[in-house]
Every structure is written in C-alpha cells, then in structure tokens.
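Undergrad: Letter by letter, the sequence shown follows residues 484 to 793 in this note's numbering.
Check before you lean on any hint, since a few could be wrong.
[Stated by the list, open to error] Straight-line distance between alpha carbons at most 25 Å, and here's what the computed SDA-like set of lysine to any residue pairs gives:
| hint | residue 1 | residue 2 |
| --- | --- | --- |
| 1 | Lys781 | Asp690 |
| 2 | Lys495 | Gly770 |
| 3 | Lys781 | Thr743 |
| 4 | Lys637 | Leu606 |
| 5 | Lys769 | His759 |
| 6 | Lys769 | His744 |
| 7 | Lys644 | Asn665 |
| 8 | Lys495 | Gly688 |
| 9 | Lys561 | Ser623 |
| 10 | Lys637 | Asp587 |
| 11 | Lys495 | Gly664 |
| 12 | Lys644 | Glu557 |
| 13 | Lys644 | Leu606 |
| 14 | Lys561 | Thr589 |
| 15 | Lys644 | Leu727 |
| 16 | Lys561 | Lys497 |
| 17 | Lys637 | Gly691 |
| 18 | Lys769 | Leu755 |
| 19 | Lys637 | Asn597 |
| 20 | Lys495 | Pro745 |
| 21 | Lys644 | Glu677 |
| 22 | Lys495 | Glu677 |
| 23 | Lys497 | Gln568 |
| 24 | Lys561 | Pro525 |
| 25 | Lys497 | Leu727 |
| 26 | Lys561 | Val758 |
| 27 | Lys769 | Glu729 |
| 28 | Lys637 | Glu504 |
| 29 | Lys497 | Lys637 |
| 30 | Lys561 | Asp587 |
Please keep in mind that the hints were generated in silico from the structure rather than gathered at the bench.
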Amino acid sequence: MKIKEREVVLLKSKLGRSYLEVTKLGFGAMEIRGPRVWNGRPISDSDSETILNAVLDNGINFIDTSYDYGRSEELIGKYISHRRQEYILATKCGCTLVDHGDHDETPHVWTRDNLLHNIETSLRRMRTDYIDLLQLHGPSVQQTEDGQLVDVLKEIQATGKVRSIGISTYLPHITSYIESGNYDTFQVPYSALEREHENLLRAAGEDGAGVIVRGGVGRGEPGAGLGLPDRWSTWDNARLDELLEEGESRTGFLLRFTLTHPQLSTTIVGTLNPVHLAENVRYAQKGPLSAEVYADAKRRLDAIGCSPVI
Numbered sequence: 484m485k486i487k488e489r490e491v492v493l494l495k496s497k498l499g500r501s502y503l504e505v506t507k508l509g510f511g512a513m514e515i516r517g518p519r520v521w522n523g524r525p526i527s528d529s530d531s532e533t534i535l536n537a538v539l540d541n542g543i544n545f546i547d548t549s550y551d552y553g554r555s556e557e558l559i560g561k562y563i564s565h566r567r568q569e570y571i572l573a574t575k576c577g578c579t580l581v582d583h584g585d586h587d588e589t590p591h592v593w594t595r596d597n598l599l600h601n602i603e604t605s606l607r608r609m610r611t612d613y614i615d616l617l618q619l620h621g622p623s624v625q626q627t628e629d630g631q632l633v634d635v636l637k638e639i640q641a642t643g644k645v646r647s648i649g650i651s652t653y654l655p656h657i658t659s660y661i662e663s664g665n666y667d668t669f670q671v672p673y674s675a676l677e678r679e680h681e682n683l684l685r686a687a688g689e690d691g692a693g694v695i696v697r698g699g700v701g702r703g704e705p706g707a708g709l710g711l712p713d714r715w716s717t718w719d720n721a722r723l724d725e726l727l728e729e730g731e732s733r734t735g736f737l738l739r740f741t742l743t744h745p746q747l748s749t750t751i752v753g754t755l756n757p758v759h760l761a762e763n764v765r766y767a768q769k770g771p772l773s774a775e776v777y778a779d780a781k782r783r784l785d786a787i788g789c790s791p792v793i
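All chains should be modelled from the sequences, with the hints used to inform the complete structure.
TA: Right, here's the structure in full:
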C-alpha cells in the first residue's frame, strides 16, 4: 500500500548545514547486509525488496547504509533505485570488504584512493549518480589527519557525486570533530540506555550540524540483534516500565525518548520485518515524550549512573 493511500505523515527536520529535509525516523539498511558480515541474518532478495519498498511506502525518506554493509547497497540499487526521488541516501566510506571464504572481514583503509574507490563502487551498486550524504566510517582523529580525509571528501563533493559530507563517530574523537566545523552531520550511538553522547549531540546540533542517531531503540530487545543483556539491565534498574503508557512497548518508549532530544535530525532504525517497521512508524507518529515523562526518565537514569559523559 502506497504512502498516498495511507497518508502516513512523519515529522521532518533540516539535516544540519545541508539543504536536506529528512524524516525524524530513518531506516538503517545494515539489517539487509546478509550473513557474510558481522553475523548478519539471512534475508532473501524478495524480503529485501519488500522491506525497502515498505520503508518508502510508510513515508520514511532517509536511508543509511555503508560500503561494508554486505549486500545492502546492491539491494538498494536493485529494488528502489527507480524510486530515487523519494529518498535521501547516506552511505559511508573508508571501508573494504575482504573475502574470507565463509564470511567477509571489513578492515578500514584511510587513503584517498580507497575513498575514491568507495564512492565509485557505491554509486554503481545503488544505481544512482549522486549520494546525498557521504560519511567517514569511524576513523580516529589521527587517521583523519594523516589521510587528509576531509580534503578528499571535499574533492569528491566538488564533483557533484556527493551533496553533503559527514562522519560516523563516537567518544573520544567526536569532540575534536565538532570543534573542527568540517562536517555537515554527525552519526553517533545514543539511546536512553546509552546516554554517553547526549550532551555532545546538543553541542553538535547547536553548532549547526545535523545529528543522526544510531542505536536509538536500544539496539533491539534482549536476545535480538545487538540487544545486550547488560544494556537492558539499565532499563530494569531505572524502573522505566513504570513510565510506559498503556500498551506501549519498551522499544516504542526508547524510540520516543530518542526523538525527544531537541537536536535530533533523524534516528536510523533497522528491521527486516514489515510489521516491526509499521510499529516504529506508529510510535514515531506519536511524537516526543511529554516534558514531564522525559525529565522523569532522565532523573531515574541519572540515579543509577546512566548519564552523559560530558
């Protein structure tokens, strides 16, 4: 069922210094990487086609992937490149894929040649002539300086193959990156259960950059994906179940907590399941938590030591 039939409306925001306007709920296409990379789950081509088109049919207009996300880029190109005007496309560079027989390793190579190889390969895989956002995939400050990576990003940007440049990063490197003013966007891990970067998201946003959150629903519930038990013990210790609305799921609450951060541009949430996707959309449409619930959740988390680092 198409968006025009369902009249799905998701909140949007400007993506930092770029001209882009993105839905606050984005789609993390790492989930369609397949089993060869980082113990990904098997997914058929038909299921990939279904979930990618469901993302667009549900009104989500921001899709985040990477050169080293297995088949993700290839599947995006195969199944939704004909709908290219409906989505803003972000990918990452500095990556390699090395065949180890039954799986692929993903070492990073921080050179101009590799970044140029990445962009050409990504464009070909995704059957497009431009990427809306090209992000460095987690280099250290030293690697960035040694490889003169910002200069390479700007060189690629000058060709028109990339509209905006950003970086996927984390502590301790993010502080220097924010201060540099070189990046249109920052992609950072964050949720109610992983609050280390909370104040840095604010700093980046107040400086004019776009803020892309990954892991905004706690990386999956216990036993699913990256939902580690120790992370979910934080939920239990903070007694966050007491703050749930009737019928509200834990991941629904976490998504709304993430959406409440005032500097958030978008949060990328991945799934292989169209039903889970529809649930994410439903909670995103509910919008941010009330000021009272948001403050109470942060107080409870602070009390057990789950607080911003800076």
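Undergrad: Now tell me, hint by hint, if it's right for this structure.
TA: Hint by hint, here is what the structure shows:
{"no.": "1", "hint": "Lys781 to Asp690", "result": "24 Å, holds"}
{"no.": "2", "hint": "Lys495 to Gly770", "result": "11 Å, holds"}
{"no.": "3", "hint": "Lys781 to Thr743", "result": "12 Å, holds"}
{"no.": "4", "hint": "Lys637 to Leu606", "result": "17 Å, holds"}
{"no.": "5", "hint": "Lys769 to His759", "result": "16 Å, holds"}
{"no.": "6", "hint": "Lys769 to His744", "result": "15 Å, holds"}
{"no.": "7", "hint": "Lys644 to Asn665", "result": "18 Å, holds"}
{"no.": "8", "hint": "Lys495 to Gly688", "result": "15 Å, holds"}
{"no.": "9", "hint": "Lys561 to Ser623", "result": "33 Å, violated"}
{"no.": "10", "hint": "Lys637 to Asp587", "result": "30 Å, violated"}
{"no.": "11", "hint": "Lys495 to Gly664", "result": "24 Å, holds"}
{"no.": "12", "hint": "Lys644 to Glu557", "result": "18 Å, holds"}
{"no.": "13", "hint": "Lys644 to Leu606", "result": "8 Å, holds"}
{"no.": "14", "hint": "Lys561 to Thr589", "result": "23 Å, holds"}
{"no.": "15", "hint": "Lys644 to Leu727", "result": "45 Å, violated"}
{"no.": "16", "hint": "Lys561 to Lys497", "result": "28 Å, violated"}
{"no.": "17", "hint": "Lys637 to Gly691", "result": "18 Å, holds"}
{"no.": "18", "hint": "Lys769 to Leu755", "result": "22 Å, holds"}
{"no.": "19", "hint": "Lys637 to Asn597", "result": "15 Å, holds"}
{"no.": "20", "hint": "Lys495 to Pro745", "result": "13 Å, holds"}
{"no.": "21", "hint": "Lys644 to Glu677", "result": "34 Å, violated"}
{"no.": "22", "hint": "Lys495 to Glu677", "result": "24 Å, holds"}
{"no.": "23", "hint": "Lys497 to Gln568", "result": "17 Å, holds"}
{"no.": "24", "hint": "Lys561 to Pro525", "result": "18 Å, holds"}
{"no.": "25", "hint": "Lys497 to Leu727", "result": "30 Å, violated"}
{"no.": "26", "hint": "Lys561 to Val758", "result": "22 Å, holds"}
{"no.": "27", "hint": "Lys769 to Glu729", "result": "14 Å, holds"}
{"no.": "28", "hint": "Lys637 to Glu504", "result": "21 Å, holds"}
{"no.": "29", "hint": "Lys497 to Lys637", "result": "21 Å, holds"}
{"no.": "30", "hint": "Lys561 to Asp587", "result": "21 Å, holds"}
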